[in-house]
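With the sequences and hints as input, model every part of the structure.
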Amino acid sequence: MRIDLGVVALIEDSEPVVTAVLLARGLCEIYDRIAQEGEIVQQGASMPPIARRALARLSRHCLTEGVDDLGSSIHLVMGAASRAMGFWGIPSFAGDFKYSDVELVDDASGVPTADCRELARLGGSEFDAIEDIHHEQLRVAVQSYPAAQRDRAYTTIREFVVRRPVCSLDALHRFITNDHLHGARAIAALYRPIPQTAMANGSARLCGRCGSLLWPTSDPAFPNGRCRVRRCAIRGETIVGDGIADPSLFRLATGAVLAFWVGPGLDEVALHDHLAGQGRSVSLYPMSDAADVGLDGLEVGLDVKSYASPLVLGARLSRGVGRLSIFGRKIIVVPDYKVRLNPRYIDDLRASYVGAEDLEFMTVASVIEEFSA
59 MRIDLGVVAL
69 IEDSEPVVTA
79 VLLARGLCEI
89 YDRIAQEGEI
99 VQQGASMPPI
109 ARRALARLSR
119 HCLTEGVDDL
129 GSSIHLVMGA
139 ASRAMGFWGI
149 PSFAGDFKYS
159 DVELVDDASG
169 VPTADCRELA
179 RLGGSEFDAI
189 EDIHHEQLRV
199 AVQSYPAAQR
209 DRAYTTIREF
219 VVRRPVCSLD
229 ALHRFITNDH
239 LHGARAIAAL
249 YRPIPQTAMA
259 NGSARLCGRC
269 GSLLWPTSDP
279 AFPNGRCRVR
289 RCAIRGETIV
299 GDGIADPSLF
309 RLATGAVLAF
319 WVGPGLDEVA
329 LHDHLAGQGR
339 SVSLYPMSDA
349 ADVGLDGLEV
359 GLDVKSYASP
369 LVLGARLSRG
379 VGRLSIFGRK
389 IIVVPDYKVR
399 LNPRYIDDLR
409 ASYVGAEDLE
419 FMTVASVIEE
429 FSA
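With this note's numbering, the residue at position 175 of the sequence shown is 233, and numbering never jumps.
Derived from the structure by calculation, the hints contain no laboratory data. Keep in mind that the hints are not guaranteed to be accurate.
Unchecked claim - FRET-style restraints, in silico, Cβ to Cβ:
no.	residue 1	residue 2	range
1	A205	G147	48 to 58 angstroms
2	A205	A103	21 to 31 angstroms
3	H332	D405	17 to 27 angstroms
Claimed, not checked - Result set (DMTMM-like, lysine to aspartate or glutamate): computed pairs, CA atoms no more than 25 angstroms apart in a straight line:
no.	residue 1	residue 2
4	K156	E418
5	K363	E295
6	K363	D165
7	K363	D126
8	K388	D126
9	K388	D331
10	K388	E418
11	K388	D347
12	K363	E427
13	K156	D126
14	K363	D405
15	K363	D90
16	K363	D154
17	K363	D331
18	K363	D347
19	K156	E217
20	K363	D159
21	K363	D300
22	K363	D406
For glycine and all other residues, C-beta sits at the position ideal for the given N, C-alpha and C.
Next comes the structure, spelled out in structure tokens:
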């Protein structure tokens with residue numbers, strides 16, 4: 059397999075940047091094989107060529123900079139990838155390195171992060187790492203609905219899963235039989251049985267914030283368990299929800315759905331519900347996800363983005379904003395905790411965006427303040 063680094067070279071003439079992009083592409087391809095073909099991650103010839111090349115480059119960084127060879131094992135890399143690259147212990151990935159704040163893998167689900175997928179696209183990857191298998195199954199399934207029902211079906215299914223990451227079999231059956239028989243197989247595939255490792259003494263407990271599970275942990279700081287939806291856990295103290303006496307009667311959203319839909323959906327649903335409570339004309343995932351939240355028909359489109367790096371997000375938006383372009387005002391909404399972690403986040407995002415669309419950049423709190431009047 060020939061690796062064309064021409065696009066990467068145009069991004070920045072920097073060895074660490076090239077290595078980071080190749081790592082992102084390699085990790086996305088590994089995940090793609092696991093998700094679609096059930097492959098086991100192994101060191102050796104069966105590993106995707108792009109990943110082998112990335113590891114070789116990473117080893118060179120480690121050896122020339124006098125640190126432990128992280129690139130010697132894909133398993134070491136996958137373990138480190140849930141931390142920001144600036145904390146990998148490699149000097150060239152820290153300091154002023156433009157992607158030092160990027161985490162390549164979601165530590166809870168093992169799924170490549172949004173930042174990772176965008177870095178992969180910067181490298182000219184031939185596969186579309188954004189389209190995870192569950193999302194595509196749903197889009198295909200919706201095509202089996204009558205044309206006039208497709209947008210509503212997509213929105214309804216997406217909202218159902220975001221609001222119910224843990225769902226009883228009875229509730230899931232009622233939802234499917236009520237106008238969603240066309241998508242029954244795809245909807246069922248968004249869930250899995252609750253794993254034994256999520257139970258304590260045969261029962262399980264819900265997170266009171268996002269509705270997912272609180273997983274047992276030996277960490278004394280989490281006596282009631284810990285939520286593995288990263289964007290929920292980062293918001294602070296654990297909120298304990300209801301208990302599930304018989305987990306066999308419930309289903310849990312898959313890891314990819316938790317990472318790509320439920321986590322981001324916390325702010326999406328909060329925005330929708332708050333504005334609806336203010337009497338605004340608001341819709342969630344309008345027109346099959348043209349925006350996360352629509353206000354006053356096509357007047358305002360709100361798209362929530364939770365990328366760790368404003369530079370990666372700026373590059374992503376510069377390539378295009380999809381159907382958000384059909385809205386009069388196009389607003390990219392950033393969770394407030396991103397700005398608490400990086401006070402320059404909005405400024406850096408605005409500076410890195412060079413696309414054609416007239417975008418606005420706001421935090422969740424500033425959107426609520428402006429549109430609650």
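Consistency of the hints with the structure:
Separation of A205 from G147 is about 54 angstroms and conforms to the stated range, judged on CB atoms against 48 to 58 angstroms. Separated by about 48 angstroms at the C-beta atoms, A205 and A103 break the suggested range of 21 to 31 angstroms. A hinted range of 17 to 27 angstroms holds for the C-beta pair H332 and D405, which are about 26 angstroms apart. For a cut-off of 25 angstroms, the pair hint linking K156 to E418 stands: about 23 angstroms separates their Cα positions.
With a C-alpha separation of about 23 angstroms, the suggested pairing of K363 with E295 holds against the 25 angstroms cut-off. Taking the CA atoms of K363 and D165, the gap is near 19 angstroms; set against the 25 angstroms cutoff, the hint holds. A C-alpha spacing of about 35 angstroms is found between K363 and D126, which places the hinted pair above 25 angstroms, so the restraint is violated. Between K388 and D126 the CA atoms are separated by roughly 46 angstroms; this puts the pair beyond 25 angstroms, and the hint is violated.
Taken as a hint, the K388 and D331 pair is honoured in the structure, with Cα atoms around 19 angstroms apart against an allowance of 25 angstroms. About 6 angstroms separates the Cα atoms of K388 and E418, which keeps this hinted pair within 25 angstroms; it holds. In summary, the hint linking K388 to D347 is supported, as the alpha carbons are separated by about 14 angstroms, within the 25 angstroms threshold. Taking the CA atoms of K363 and E427, the gap is about 18 angstroms. The hint holds against a cut of 25 angstroms.
Restraint check for K156 and D126: satisfied, since their Cα atoms lie roughly 22 angstroms apart, inside the 25 angstroms limit. With a C-alpha separation of about 15 angstroms, the suggested pair K363 and D405 falls inside the 25 angstroms cut-off, and the hint holds. This hinted pair checks out: K363 and D90 have alpha carbons roughly 23 angstroms apart, not beyond 25 angstroms. About 24 angstroms separates the Cα atoms of K363 and D154, which keeps this hinted pair within 25 angstroms; it holds.
Under the criterion of a C-alpha separation no larger than 25 angstroms, the hint pairing K363 with D331 is consistent with the structure, at around 18 angstroms. Proposed proximity of K363 and D347 is supported: the alpha carbons are some 14 angstroms apart, at most 25 angstroms. Distance hint between K156 and E217 is unfulfilled; the C-alpha atoms sit about 35 angstroms from each other, more than 25 angstroms. Restraint check for K363 and D159: the C-alpha separation of about 16 angstroms stays at or below 25 angstroms, so the hint holds.
Of the supplied pair hints, the one linking K363 and D300 is violated, its CA atoms being roughly 30 angstroms apart against a limit of 25 angstroms. Of the pairs offered as hints, the one joining K363 and D406 holds, with about 14 angstroms between alpha carbons and a cut-off of 25 angstroms not exceeded.
In summary, the numbered hints that this structure violates are 2, 7, 8, 19 and 21.
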